[in-house]
Amino acid sequence: MDERIEQFPPYRQTEAHGHDDHGHDDHGHAHPHPGFWSTYIFSPDHKVIGIQYGVTALSFLFFGLMLMLLMRWQIAHPGHAVPLIGWFLERMLGETMAPGGVISPDLYNAFGAMHGTIMVFLGIVPLAFAAFGNYVVPLMIGAPDMAFPRVNMASYQAYFLGGLVMFISFFIPGGAAQAGWTSYSPLATSIPTHGQLFWIIGMILLITSSLLGAVNFIATIIQLRAPGMTWMRMPWFVWTQFVTAFLLLLAFPPLEAAAVMQLMDNVAHTSFFLPTGLAVGGHLANISGGGSPLLWQHLFWFLGHPEVYVLILPAMGIVCEIVANNTRKPIWGYKSLVYAVLAIGFLSMIVWAHHMYMTGMGTVISTFFQATTMIISIPSVIILTCLFISLWGGSIRINTPMLFALAFMPMFGIGGLTGLPLGFNVSDVHLHDTYYIIAHFHYVVAPGTIFGLFAGVYYWYPKMTGRKMSEFWGSVHFWCSLLFMNIVFMPMFAQGMAGMLRRMADGGANYSAEVNSRAGADVIGGLSPFIMSLHTPILWGAICLGIAQIPFIINFFWSINHGEKVGDNPWQSTTLEWQTPTPPPHGNFSITPRIYRGPYEYSVPGHSTDFTPQNEPDVATPAAPKVPTHTH
Amino acid sequence: MEIPYTVEARPDTGLYNAKVGIWLFLASEVMLFGGLFSGYILLRVGAEPGMWPHGWQNLTLGTINTIVLALSAITTLMAWVACKVRQFDKFKFFHACTLLCALTFLCIKLVEYHEHLNHYEIHLTDGTIADGDMVQNDATQDHVVISGRIVTDEKLLYDLRSQKDIPEKELTIPRSQIQDMQSYGPWHNDYLALYFTLTGLHALHILGGSIVIGYLWGPGRKMWKKDPERFTNRIEVSGLFWHFVDLVWIFLFPVLYLT
Amino acid sequence: MSELKTAEQHNAPATGHVDDHPVDFNAYLRRCGAILAVVLCAVGLMIWASYLNLGWGTKVAIILAIASVNAFFVAGFLMHLLTEKKMVYTILGFTVSFVIGLFVLTIYAMNDFPRNTITH
Chain A
1 MDERIEQFPP YRQTEAHGHD DHGHDDHGHA HPHPGFWSTY IFSPDHKVIG
51 IQYGVTALSF LFFGLMLMLL MRWQIAHPGH AVPLIGWFLE RMLGETMAPG
101 GVISPDLYNA FGAMHGTIMV FLGIVPLAFA AFGNYVVPLM IGAPDMAFPR
151 VNMASYQAYF LGGLVMFISF FIPGGAAQAG WTSYSPLATS IPTHGQLFWI
201 IGMILLITSS LLGAVNFIAT IIQLRAPGMT WMRMPWFVWT QFVTAFLLLL
251 AFPPLEAAAV MQLMDNVAHT SFFLPTGLAV GGHLANISGG GSPLLWQHLF
301 WFLGHPEVYV LILPAMGIVC EIVANNTRKP IWGYKSLVYA VLAIGFLSMI
351 VWAHHMYMTG MGTVISTFFQ ATTMIISIPS VIILTCLFIS LWGGSIRINT
401 PMLFALAFMP MFGIGGLTGL PLGFNVSDVH LHDTYYIIAH FHYVVAPGTI
451 FGLFAGVYYW YPKMTGRKMS EFWGSVHFWC SLLFMNIVFM PMFAQGMAGM
501 LRRMADGGAN YSAEVNSRAG ADVIGGLSPF IMSLHTPILW GAICLGIAQI
551 PFIINFFWSI NHGEKVGDNP WQSTTLEWQT PTPPPHGNFS ITPRIYRGPY
601 EYSVPGHSTD FTPQNEPDVA TPAAPKVPTH TH
Chain B
1001 MEIPYTVEAR PDTGLYNAKV GIWLFLASEV MLFGGLFSGY ILLRVGAEPG
1051 MWPHGWQNLT LGTINTIVLA LSAITTLMAW VACKVRQFDK FKFFHACTLL
1101 CALTFLCIKL VEYHEHLNHY EIHLTDGTIA DGDMVQNDAT QDHVVISGRI
1151 VTDEKLLYDL RSQKDIPEKE LTIPRSQIQD MQSYGPWHND YLALYFTLTG
1201 LHALHILGGS IVIGYLWGPG RKMWKKDPER FTNRIEVSGL FWHFVDLVWI
1251 FLFPVLYLT
Chain C
2001 MSELKTAEQH NAPATGHVDD HPVDFNAYLR RCGAILAVVL CAVGLMIWAS
2051 YLNLGWGTKV AIILAIASVN AFFVAGFLMH LLTEKKMVYT ILGFTVSFVI
2101 GLFVLTIYAM NDFPRNTITH
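Chains as they are written, first to last, in this note's numbering: chain A, 1 to 632; chain B, 1001 to 1259; chain C, 2001 to 2120.
Hints were generated in silico from the structure; no laboratory data involved.
Listing some non-contacts, in silico: residues in chain B with all C-beta distances to chain C over 10 Å:
| # | residue |
| --- | --- |
| 1 | D1126 |
| 2 | W1187 |
| 3 | H1202 |
Chain A is faced by these chain C residues, among others (derived, beta-carbon under 8 Å):
| # | residue |
| --- | --- |
| 4 | G2101 |
| 5 | L2102 |
| 6 | L2105 |
| 7 | D2112 |
| 8 | F2113 |
| 9 | P2114 |
| 10 | T2117 |
Just so you have them, the derived chain C footprint on chain B, three or more residues with Cβ under 8 Å:
| # | segment |
| --- | --- |
| 11 | 1061-1067 |
| 12 | 1082-1089 |
Everything numeric in this text was worked out from a predicted model, so none of it was measured. Glycine residues also receive a C-beta, built at the ideal position from the N, C-alpha and C atoms.
When you get a sec, could you build the whole thing from the sequences and use the hints?
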């Protein structure tokens, strides 16, 4: 008998305690039917929580996209009222912020700070890690739920509250935070409005949510794998979620510490990050001084760098699952993928100061961080290479998830390669804080991660709803998004290399060659008319990108009731989440699954079907019911 | 299907779920206080020489707090042992002691905070500095009364350890002579900022831990009758958190009070 | 179906700990007393060391060393870390290494300047 299975006695099927102790193991059938609130709002079921996270995160992603459109308008047409909705902005945000429908510089900064914060902390992390992770991971490892379902529910509620605080901050007097998503001191404490305070409080709630989620994920993956599901038989998606959870667990707390200190600076007038002799608005600030702005930067980026790996790893995991499924062959280099993701996790904690090359660090420490940054590119390349090689010799099926997964690879490649000159101290001196950086990280996150997440939505939609999303509109969504993403971000490399800096509310007009030529003969150079003219195609690309998301949104909601009905395993996948009813019931599996093989047993020679589910017993095991093959 | 390993240990890891969970959470707490301590080290090392306070804390109260917390760590462990041997009365006694220790700690902390917030540094118009505890600060009066001393060199206010027999008398200072006045709150300098933030966050953890242990000792004890093993595990897990909070104090005390 | 029957018949023993020797209350009480004594001694030693007439660096090192011994006893015995499982050691091992990385790299970074650039 397989020791990997037999060392685990069957789970207790009966409760040792009475019915009135609900705990986290209430059987839906043994209790009176739960009402609407317990089923959809206050449910400890990981699938409900996953969907809650998903819908909330997608909404925030869309909101962040809207902020981006407003910013791109201002950049391309500084000082002009926003068409169509300028009056609405003025109505909602007040005359100081949006006089006559024009985005004021302060409002631009608020949009910039909140676009970053919302996209990263309210959009991508909850969608990639919490939404997909919560829904899929317990199913993939054969668990009945997360290890701590009520903690899971609490983590969503903390996220929701954090999101609410961030959203409300737009409407308070003075508006939302304006000091960037990085909230550098002393700017963050010098701005005389309360937006920054709301930002800190929102961040503390979001960090709490992530920490609770991370504990849950790691404990679940360690403890609740079904018998036979050894570490090296887990789908690689579970590995990426595992490493992501560790990054969140260990990297977020120093930022929480820093956020507490910045809160004290803001509210209790301490000087953790405020140096002696600080002048604000022309006057010496009334502070004790002695603080260090660099301390904030170190503590922020200690999270900030692992954070970007939090953003990318789940998407890589999703792409891996979809590539294996749609090439009908095992992933090439599973072991390499596992070791690479573990290496990335470890290394990501010691590269952070490559975000701080311009802070005056000496050569020794800069060399250290430069070296670790270069080294961390190796496991990233290994992962991308494994995914590429996996395509070789496969029977490639093209469907919407596969389109997004295929596009992920070159797009992430561009993003990753353009990161190399940023990792080198000497070239980063020229490129730091320019549009090159914006292009680099958007390539990794936008046509990178977000494409991976779209792929995941199209891929797992049939498991959640029993219906496929429309393939036609999926293709429309894909091709338009791919085209317009590149139109938006590719020109930014050129702009960055020409010296256009980030966070300029007028789109660099003040530094254009035209303005400089009027300033006098001793002012030379400036942003050329060509570079400045790139703002227009970028704006149109962004608008079309926004419009391209509309088919996706309509498709998403329409297909719930009108999409093509499919069975339990429409993609003929080997992983466990597809071996359950659709949608999976409370408790997921009626009997404990037993795992007999690895996650990517596609096209096994001699097998009657081109996929062998992980929990299908070996032929040698007697009395094993033949797993019925599913039709489309 | 029920969630496995909530009470019994998983064979290959040898742990039950909540134990994995609490150690993971404690790992994140290590990073949290680590971040704050790294801030302390940085600000301390970067401070102007001679301008970092020494001996500003009430060592007696700090030592009492340390002993109280150590005692509570012991009673927390004994409460779990009592559960293991199924002697519920002993559990009730020991965790009652834990809660009393926690309350004592927090009260002493409040006294310490009050002492600091009641201590003022007053810059006088003639360039000297008056420094002491506020005795009378009546807005209707044209003077303030402090119990302390007047110094000419600001540096004397920082290293109290090296000064013997610091004079303390009641001083009446007319408001007209006061240039500015600031209490020893977190705004006063980085040392106090760190002190209040570190001990404040620590105190919040003590409060949180007390609430959890209080709940288990009070309304939560219903689970004892239904599933004593699971209840014992809850006591163990909450005890681990409590011990961690004691561990943080073991480092906070020397760093803030003794160095 | 056969799987369900096996599950019902099987009575999984409810053990909270794999090392299943019975817990002796009085032995634990004595052990706790000993640990309390060690902890109180450590606290006293720290306070005594703080009054010694040594260089600031040496004093801090000695005091923190004593604090670490104190912490070792609390963590090792009261938190049962000395008898914990490999998984817990792994989690804590990574945590400690990252905390050390945070301390060392941040402080190094703040003190590594290009020559002739600091003014004080």
